[in-house]
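Colleague: From first to last, the protein sequence lines stand for chains A and B. Last residue of the first sequence: 453 (my numbering), numbering continuous. Last residue of the second sequence: 491 (my numbering), numbering continuous.
What the hints contain is simulated information worked out from the structure, not anything from laboratory work. Yeah, the Cβ is synthetic: ideal placement off N, Cα and C, and Gly gets one too. Please note: incorrect hints may appear among the correct ones.
Here are the computed lysine-lysine pairs in the DSS-like style, where the Cα-Cα straight-line distance is at most 30 Å [what the hints assert, rightly or not]: (1) B:K138 with B:K30; (2) B:K87 with B:K273; (3) B:K95 with A:K146; (4) B:K95 with A:K170; (5) A:K380 with A:K367; (6) A:K191 with A:K214.
Label-pair restraints from in silico Cβ distances [stated by the list, open to error]: (7) A:Q90 with B:V468: 55 to 61 Å; (8) B:E97 with A:R372: 44 to 50 Å; (9) A:S271 with B:D313: 20 to 26 Å; (10) A:E81 with B:I135: 55 to 61 Å.
Rough simulated footprint, nothing fancy, chain B against chain A, three-plus residues with beta-carbon under 8 Å [unchecked claim]: (11) 131-139; (12) 249-261; (13) 344-355.
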Amino acid sequence: MKKKILAFIMAAATCFSLTACSTSSNSDSSDNSGAGNSNSNSNSDSSSSDNSGAGSSDGSTIDLVVWGPEEDQTFLTGLIEDFKNQYPDQSFNIQLGVESEATAKDTVLTDPSAAADVYAFASDQLNDLVAAGALADLTALSDAFKAITGNSIDDIMAMNIEGSVAAATKNGNVYALPLGAGNNFFMYYDKSKITENDVMTWDGLLSAASAAGKKAGMVFNSGWYNGGFFLGAGFTASMNADGTTNLDWNKTSADGITGVQVVEGMISIASNPAFMAIADNDISNQIAAGELCAVVSGSWDMSTVEAAWGAENVGVAKLPTYTCGGNQVQQGCYSGFKLMGVNGMSKQVGWAAVLAEFLTNESAQMKRYEARQLAPTNIKASEADAVMANEMLAASIAQDAACGVLQDVGGKYWDPTATLGELIAQGQLKVGDTEAIQAALDTMVEGVTAPVE
Amino acid sequence: MLFNGVIKMTTTDTSAKKETFLSSLGGFFKDFIAAVAKGDFFVKLSVIWWGAGYIRRKQFIRTLLITALEAAVILFSIYFAPQYITKLGTLGTVKMESVFNLETMKYDVNNYDDSFQILLFSVISIAVWVVALFILMKNVIAVYNLQLKSKRGEHLNSFVDDLNALLNEKFHVTLLTLPVLGIVLFSVIPIFVLILVAFTNYDQQHMPPAELFTWTGLTNFINLFGGGGLSITFGYSFVRVLLWTLIWSLFATFTTFFGGVLLSLFLRNKRTKLPKLWRSLFVVTIAVPQFVTLLLVRNFFANNGIANTMLRDIGITQVLQNIGLIPSDYIPFLSAPGWAHVMIILINIWIGVPYQMLIMTGVLSNLPEEQIESASIDGATKWQTFRHITMPYVLFVTGPSLVTDFVKNINNFNVIYLLTQDVYTTTNQALANSQAREVDLLVTWLFRLTQEYYNYKMASVIGICVFVLCSVITLVAFGLMTRGDKEGVYN
Numbered sequence: 001m002k003k004k005i006l007a008f009i010m011a012a013a014t015c016f017s018l019t020a021c022s023t024s025s026n027s028d029s030s031d032n033s034g035a036g037n038s039n040s041n042s043n044s045d046s047s048s049s050d051n052s053g054a055g056s057s058d059g060s061t062i063d064l065v066v067w068g069p070e071e072d073q074t075f076l077t078g079l080i081e082d083f084k085n086q087y088p089d090q091s092f093n094i095q096l097g098v099e100s101e102a103t104a105k106d107t108v109l110t111d112p113s114a115a116a117d118v119y120a121f122a123s124d125q126l127n128d129l130v131a132a133g134a135l136a137d138l139t140a141l142s143d144a145f146k147a148i149t150g151n152s153i154d155d156i157m158a159m160n161i162e163g164s165v166a167a168a169t170k171n172g173n174v175y176a177l178p179l180g181a182g183n184n185f186f187m188y189y190d191k192s193k194i195t196e197n198d199v200m201t202w203d204g205l206l207s208a209a210s211a212a213g214k215k216a217g218m219v220f221n222s223g224w225y226n227g228g229f230f231l232g233a234g235f236t237a238s239m240n241a242d243g244t245t246n247l248d249w250n251k252t253s254a255d256g257i258t259g260v261q262v263v264e265g266m267i268s269i270a271s272n273p274a275f276m277a278i279a280d281n282d283i284s285n286q287i288a289a290g291e292l293c294a295v296v297s298g299s300w301d302m303s304t305v306e307a308a309w310g311a312e313n314v315g316v317a318k319l320p321t322y323t324c325g326g327n328q329v330q331q332g333c334y335s336g337f338k339l340m341g342v343n344g345m346s347k348q349v350g351w352a353a354v355l356a357e358f359l360t361n362e363s364a365q366m367k368r369y370e371a372r373q374l375a376p377t378n379i380k381a382s383e384a385d386a387v388m389a390n391e392m393l394a395a396s397i398a399q400d401a402a403c404g405v406l407q408d409v410g411g412k413y414w415d416p417t418a419t420l421g422e423l424i425a426q427g428q429l430k431v432g433d434t435e436a437i438q439a440a441l442d443t444m445v446e447g448v449t450a451p452v453e
Numbered sequence: 001m002l003f004n005g006v007i008k009m010t011t012t013d014t015s016a017k018k019e020t021f022l023s024s025l026g027g028f029f030k031d032f033i034a035a036v037a038k039g040d041f042f043v044k045l046s047v048i049w050w051g052a053g054y055i056r057r058k059q060f061i062r063t064l065l066i067t068a069l070e071a072a073v074i075l076f077s078i079y080f081a082p083q084y085i086t087k088l089g090t091l092g093t094v095k096m097e098s099v100f101n102l103e104t105m106k107y108d109v110n111n112y113d114d115s116f117q118i119l120l121f122s123v124i125s126i127a128v129w130v131v132a133l134f135i136l137m138k139n140v141i142a143v144y145n146l147q148l149k150s151k152r153g154e155h156l157n158s159f160v161d162d163l164n165a166l167l168n169e170k171f172h173v174t175l176l177t178l179p180v181l182g183i184v185l186f187s188v189i190p191i192f193v194l195i196l197v198a199f200t201n202y203d204q205q206h207m208p209p210a211e212l213f214t215w216t217g218l219t220n221f222i223n224l225f226g227g228g229g230l231s232i233t234f235g236y237s238f239v240r241v242l243l244w245t246l247i248w249s250l251f252a253t254f255t256t257f258f259g260g261v262l263l264s265l266f267l268r269n270k271r272t273k274l275p276k277l278w279r280s281l282f283v284v285t286i287a288v289p290q291f292v293t294l295l296l297v298r299n300f301f302a303n304n305g306i307a308n309t310m311l312r313d314i315g316i317t318q319v320l321q322n323i324g325l326i327p328s329d330y331i332p333f334l335s336a337p338g339w340a341h342v343m344i345i346l347i348n349i350w351i352g353v354p355y356q357m358l359i360m361t362g363v364l365s366n367l368p369e370e371q372i373e374s375a376s377i378d379g380a381t382k383w384q385t386f387r388h389i390t391m392p393y394v395l396f397v398t399g400p401s402l403v404t405d406f407v408k409n410i411n412n413f414n415v416i417y418l419l420t421q422d423v424y425t426t427t428n429q430a431l432a433n434s435q436a437r438e439v440d441l442l443v444t445w446l447f448r449l450t451q452e453y454y455n456y457k458m459a460s461v462i463g464i465c466v467f468v469l470c471s472v473i474t475l476v477a478f479g480l481m482t483r484g485d486k487e488g489v490y491n
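Build the full structure now, drawing on both the sequences and the hints.
Modeller: Written out as C-alpha cells, the structure is:
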C-alpha cells in the first residue's frame, strides 16, 4: 500500500516537474542567450560564445535572424536569397521567422536579447522599443551603411516620404527604416447608396445612409480612432522621454476650438440613428453583417468590404468633416507606418543594418506592394504607375496629407481615451451639458498624463 | 467508507506533519550542536573539511564524493556567486553602452550590469548556500553517528551498502530526489525572484538589459493601497476588482455546484427517460475546447451580434428600451456593468455544470440508500430527504473540492478574459485611468498590466495579494471543514 502511494506521489511529482520544465524552458533558453550575450561582452563566464564572435570579420559565417509578417514570408525568402547573392564574398546564415508587425513589440520586449536581429514593426511601437534598447541607433551606424551600400543614413532616409522619416526618428536619431505606409484609416462607402458628395461631411453621410435604410459605422471606443476628431480640431498628443504622455484635449486647441465642442460634435454623430458605434476589433464582422453602407477602417478591411458590397461598389475617400461649434472641421487621424528595425542587442548589428536596408529599398518596396498592396514609403516606388493607379492607396495617402498626425503616445493613453469614446457612444454625455463633458475630459487627461508608476 | 477514510487520513497526516516539521527542525539543530560538541577531532574537522569524518572511518569513496561536492560549492562561491551577490544591494550600477565598431561590423559593448540577471543569480546563489549549509550540518551529524557506531563496534555501512539502501528501505529518497530538485529549480526559485520584483521598479521604463532597475522598498504596496502622491486610481480600482473577484468566485462556485447536483439528481431519477442520452449530450459540451465555446458565445452576445439582432427583430429590445431598462438600441449583454456581470455568471453555469454533473453522478451513486429508505418509511418528503440527507452528504464528501474550486475561480482567467476582451469598454473613468474594468478579476487585471503595459512590479504586487488571498481562504475553509469528527455521522 505504502509503495503504491509513493509511486503515485512520484508520478504526480514527475509530471509536475516535467510541466514545470517545459513551461519554463522558453525563458530558460532566453536566459542562456542573455548570458551568452554578456559573455561575448567580456563578462567572462565561459568562452564558447567568445570564440564564435571573434572571427566573424574575416569571412566566417554571419548568423542573422529576420522576423516578418506571415503574408511577407514568400517574398522575404526571395529577397534574402538576393541579399546573399549581392554580397557573395561574405557567407551568411539567415533565418526567417514569422512575427506580425502588429505584435512585434510584445514578442521582442519579452526578451530583446533573444529577439531577431532584423524585424518589422508598426511605427507606434517605436517609443517602447527604443526605451527597452531593442532598436539600434541607425544614425550611429551610418558608416556601416556608407561602407557597404555607398549611402549614408541621411541619403537612405531622404529617399522616403517625410512622414515616414519622422515616424522612424526619435530625439533626432533614426531608429528604423520605413518599409510601408498606409497604416491609417479612411472612409469606405457603398457607391450604390452614397454619392461622392455625401461622403464629404458626416451630416451628409448620415442623412444619405438614413435615406438608404443603412448605417454608417465607426469605432468610438478606441483612442486610435476617436483621437482623430481631436487631432482634426488642432489638438495634440505627444510623449515624453520618461514614457508619460502630454494631452491638451480638455483645453482650447490652436484652432480656437474647445475640447467640449469636439465632444459635442462626436455626440451628435453618435446619437444619430443612422450611426453605428462599432466595437474595436468588430469592424470586419459588422461589414460582413451587411447593415453598413459606409465604414471608417483601413486597408486591412479591403477584401471584407469588397465581399460585402461587391468590388464595383466600393468607394474610398478621406475622412469626412464634422460639425463642431457651428463650423465644419476636417476629421483627422493618426498616421502610421510599417518600419524595419535592427535589434540593439544584435551580435551582428552592422550586417543586420545592411540587411534591413536591403529589405526596405525601392525594389523591395515594389515587391512588397505587389505581394500585399502595401503603400510604399520610398518616393520613387510610390510614384510608380501601378501604385498611382490604386484608388485605395490614393485615399489613404490623401488622408495622411489632409490631417495625418504621427502617433506618439505612451501606454496610458489607450484606456482613458477608449472610455471617453464609450461614454459618448452610449449616450451618457449629452450635448449642452458642458460641465459633465469638461469633467469627463479632465478625468481622461488626468489618466492619460499620469506618471508611469 | 473508503472515501471518508482517505480524507480523514490526509487531514490527520498534515496536522501530524506540521508538528514534526517544526520539532524536527529544532531537533536537527540540537543534534548538530551535540555532534560538534561531543564528536572527536575528525567530526569537528568535518565542519570545515566535509570528508574528514569519513576518512577517519576509512570510507574513501564517501570522502571523495563529499569533498568533490564541497569543492564545487567553494568554486561556485568564489567564481560565480560574488559577481552577482556583491551587486544585490544596488541591482547594478553600470548601464549598457554600445559603440559601433566599423572594423568588426559589430557593437563594442561595455561590461554592463543586468539587473534581472543579478537578481536571479543572487537568489540561486543563496539557494545553493542554504542547501550547502544543510548538507554540512547533516554531514556532521552523520559522521558523529558513525563515530558512535564504531565506538559501539557496530557494522558501518559501506558505500555499496548505501547504494543498496537507496534501492530498498530508502527507496522513497531515490524516487523523490528528482521531483524535489525540479520543484526547487522551476517553482521555488522563480517564485522568490517574482516576489522580490514587487520591491523594485521593474517596468516599461526600466527593462533590462538596456536599463537598470533598483530596489524601491514598499513603494509599490503603498501605491496599490491608495498611498503615495500619485494621481492614479490604483487603490480605488484594486478594491473594486477584488470585490468583483470574490463575488464572482462565490457565484461561479456555488451555481455550478448546485447546478451539477440538481442535474445529476434529475438524471438519476427513475422517471427520467433515456438518462444516458442526456448525460452524453451534456458531456459533449466538455468535448468542445473551452476557448472556442467562449469566443463563439462572446460573438453571439456582442452588441451587434446574433442575439441582439434576433431580439430586435422580435421587438424585445424596443420594449426594454421603452421601459427605460436600456439606453441603447441593443442589449449590452457583455458591454455594460451589471449586464455583463450577470451574463458572465450565467455563461459560466452553462460551461461549468457538465463537469460538476459528472463529479456528482459519482458522488451520488454512493448515497447512503438505507438512510433514504428509512426516511421515506418515516414519511419524509422528497424535499426533506434532499435537504437533510442528500445535501449534507454531498457537501461533506465534496467540501474540499468546493474550496479548491473557489480558489480556482479566483484565478479563472479563461472565462473572464475570453468573454470580455475587446468587447467590454468601461465607462468608469477612474477605473480606466488604472487600466482596470468592472469585469476584471485580479488575475485578468494582472495580465493586462503585464502584457499590455509591461508593469512587472505592480503585477508582482497583485500576484502576492492573490496568493495571500487564496492561501487565507484555503486555510480557513479547510480548518472549518476538518473541525470536529463528522465522519461518524455517515458511518
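Colleague: When you check the alpha-carbon spacing of A:K380 and A:K367, does it fall within 30 Å?
Modeller: 13 Å, holds
Colleague: Range hint 55 to 61 Å: satisfied by the CB atoms of A:Q90 and B:V468?
Modeller: Holds - the Cβ-Cβ distance for A:Q90 and B:V468, about 57 Å, lies within 55 to 61 Å.
Colleague: Cut-off 8 Å, C-beta pairs, minimum 3 residues; does the coverage of the stretch 249-261 of chain A by chain B stand?
Modeller: violated (count 0)
Colleague: Would the pair B:K95 and A:K146 pass a check requiring their Cα atoms to be no farther apart than 30 Å?
Modeller: Given that 30 Å is the threshold and the Cα spacing comes to 29 Å, the pair holds.
Colleague: Holds or violated: the stretch 131-139 of chain A covered by chain B, criterion of 3 or more residues with Cβ-Cβ distance under 8 Å?
Modeller: Result for this restraint: holds, n = 5.
Colleague: Could you say whether the range 44 to 50 Å given as a hint is met by the Cβ separation of B:E97 and A:R372?
Modeller: Taking Cβ atoms as reference, B:E97 and A:R372 lie about 38 Å apart, which means the hint is violated.
Colleague: Is it true that the CA of B:K95 sits at most 30 Å from the CA of A:K170?
Modeller: Since the Cα atoms of B:K95 and A:K170 sit roughly 20 Å apart, the hinted pair holds (cutoff 30 Å).
Colleague: B:K138 and B:K30 were given as a pair; does the straight-line alpha-carbon distance stay at or below 30 Å?
Modeller: 12 Å, holds
Colleague: Starting from the hint 20 to 26 Å, judge whether the C-beta atoms of A:S271 and B:D313 obey it.
Modeller: Because 23 Å falls inside the window, the suggested range holds.
Colleague: The hint says 55 to 61 Å between A:E81 and B:I135; measuring C-beta to C-beta, is that right?
Modeller: 57 Å, holds
Colleague: Could you grab the alpha-carbon distance between A:K191 and A:K214 and see if it respects the 30 Å cut-off?
Modeller: Given that 30 Å is the threshold and the Cα spacing comes to 13 Å, the pair holds.
Colleague: Does the alpha-carbon distance linking B:K87 and B:K273 stay inside the 30 Å limit?
Modeller: 72 Å, violated
Checked against the numbered hints above, the structure breaks hints 2, 8 and 12 and satisfies the rest.
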